[in-house]
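2 protein chains.
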Amino acid sequence: MPIDQLTILAPGLLGGSVALAARAKGSAKRIVIWARRPEVRQALLDAKLGDVIAESPEAAAAEAQLVVIASPVDAIAALARQVAGHLPHGAVLTDVGSVKSDIARDGHAALRGRGHFVGAHPMAGSERTGWEHGSATLFEGRTCFVTPLPETDPRAIKTVADFWRSLGAKVVNVTPADHDRIVAHISHLPQVLASSLGAFLAAKDPAWRDYAGNGLRDTTRIAGSDPELWRTILQQNRTEILASLQNFQGELASFEQALARQDWDAVTSVLARGKQFRDGFR
Amino acid sequence: MPIDQLTILAPGLLGGSVALAARAKGSAKRIVIWARRPEVRQALLDAKLGDVIAESPEAAAAEAQLVVIASPVDAIAALARQVAGHLPHGAVLTDVGSVKSDIARDGHAALRGRGHFVGAHPMAGSERTGWEHGSATLFEGRTCFVTPLPETDPRAIKTVADFWRSLGAKVVNVTPADHDRIVAHISHLPQVLASSLGAFLAAKDPAWRDYAGNGLRDTTRIAGSDPELWRTILQQNRTEILASLQNFQGELASFEQALARQDWDAVTSVLARGKQFRDGFR
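Just so you know, the protein sequences line up as chains A and B, in that order. Letter 186 of the first sequence, counting from 1, is numbered 185 in numbering that gives the first Met the number 0, and no numbers are missing. Letter 266 of the second sequence, counting from 1, is numbered 265 in numbering that gives the first Met the number 0, and no numbers are missing.
Derived by calculation from the structure, the hints in this document are not laboratory data. It cannot be assumed that every hint is accurate.
Which copy is meant is left open, because identical chains are indistinguishable; a pair holds if it fits in one copy or across any two.
[Said to hold, decoys possible] Mimicking DSS-like on lysine-lysine, the simulated pairs with C-alpha atoms at most 30 Å apart in a straight line are: (1) K169 to K203; (2) K157 to K203; (3) K24 to K203; (4) K28 to K169; (5) K203 to K47; (6) K169 to K157.
Bound conformation, chain A alone:
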């Protein structure tokens, strides 16, 4: 059953894709969008991305059944607080942030019982940013984490899960804390490694980069992501990322020691376990 009014606040790549996918899938009867910068609002109007481009978050939220906050993680709770007093009773808020513990708690608190906050994190995106790079099929077949609190209204959880499913995503319900531990390993650690490898090689002869094959190109692709966006993610998930990174450093040190002492069985075991992991990708 389509949502009467879907409101998207501060669309970037993910928010723009939510608008495109919701329209393509018929997930909402009406799509209202607000963006912070006037020139972006004009561009959204020109692109006819939503049915209405609102002048303020409050106006955008006023008749919303579901609000998707698509801003960077450090602005999500503030936007929830800003619209809280203007929501219809029983409205549901969700987001697309890459870290969930702080947001789930602050989002819930922000609404003061007037609406329901149910955090979400679609595992889709790219190193590109901006709503103009959005795609109606971005969420197709992708995991979307939904991270309710114990006190979250079950109907609100269902609304959010059904919405993400309607966009093509596979919904996985986890606690905010479990979410943050999982993505520290499968998303944030890979980002740290790609960025660190890029930064390490940036200090070498620039010609080396042009010599490289597809291996380095793929290994470092996500290093092309927006540094400011990632700084806020690293800030919000610092503890889990540190734990994951430190454990990985131990793995890497074991490998280095095996290579140093020419323990080829240990070296080959890492290569084989790495291959087994990679070959198991669905």
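With chain A held as given, fit chain B onto it using these hints.
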């Protein structure tokens, strides 16, 4: 000017691609191939990959103007020794191995002045193996390192460089030692990181892998490579890889410490330098 007879010994993904590209580009009038296993020779015959499928390396090399040894790195020098006494005088041998210092020295010594060994390493390939995955366009626009010794005959160097250029590659002349230091950074270190990350995550909840987005998929793609092939590369380039890995571990430790002490300027600087490196890919 096409080569009269091109001989390819022990084709895998790269050797199969050399055959396909040489035919597509008209780089050789006649292509002779030898593979170790009889069933592979039969399959090569059925696939009509070469003009002649030889029963032995000696027979394959007997009338060759240019021989490409496409075996794993630990078998290249032995094959050069095996065919040395059977080559026409002045024949040129090259290879596709990922490490060059040992091979350039041993290949040169193997021929005892009867022919000329000029090591080569095309920066192309994939996590897949086997001549049947070869492609006529694999070398198009890719770097091919050519690694002569100071005593190598300049005409032999030109023969090998012209041949790789005829297949579409961009030839870069470097010493074997410089080659090994460069690829330790831009190819072998990324492989170690991808494999170690895969091995690290293989020990976690298997469901996590299915949650991952394209970031982890790309970052770990080369972890799917053949462990035995990579063991031999790590063996031959151990010293340079160890140095590169240890320096990278220092980079990673600096990042971890910046994250631990919440030095967000330092964290953002790594992210920004990583992005700058990645954005500069041609």
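Results for each hint:
1. In this assembly of identical chains, K169 and K203 lie within 30 Å of each other by CA distance solely across copies; the values are 21 Å between and 42 Å within a copy.
2. Taking CA atoms no more than 30 Å apart as the test, K157 paired with K203 passes between copies only; the shortest distance there is 29 Å, against 52 Å inside one copy.
3. When the C-alpha separation of K24 and K203 is checked against a cutoff of 30 Å, the pair qualifies neither within a copy, at 48 Å, nor between copies, at 35 Å.
4. Taking the shortest alpha-carbon separations for K28 and K169, only the intra-copy value of 22 Å comes in at or below 30 Å, while the best inter-copy value is 55 Å.
5. Proximity of K203 and K47 under a CA criterion of 30 Å is satisfied in neither setting, with 46 Å inside one chain copy and 44 Å between copies.
6. Only within a single protomer do K169 and K157 lie at most 30 Å apart by alpha-carbon distance; the minimum there is 13 Å, versus 56 Å between protomers.
In this structure, the earlier hints numbered 3 and 5 are contradicted, and the remaining ones agree with it.
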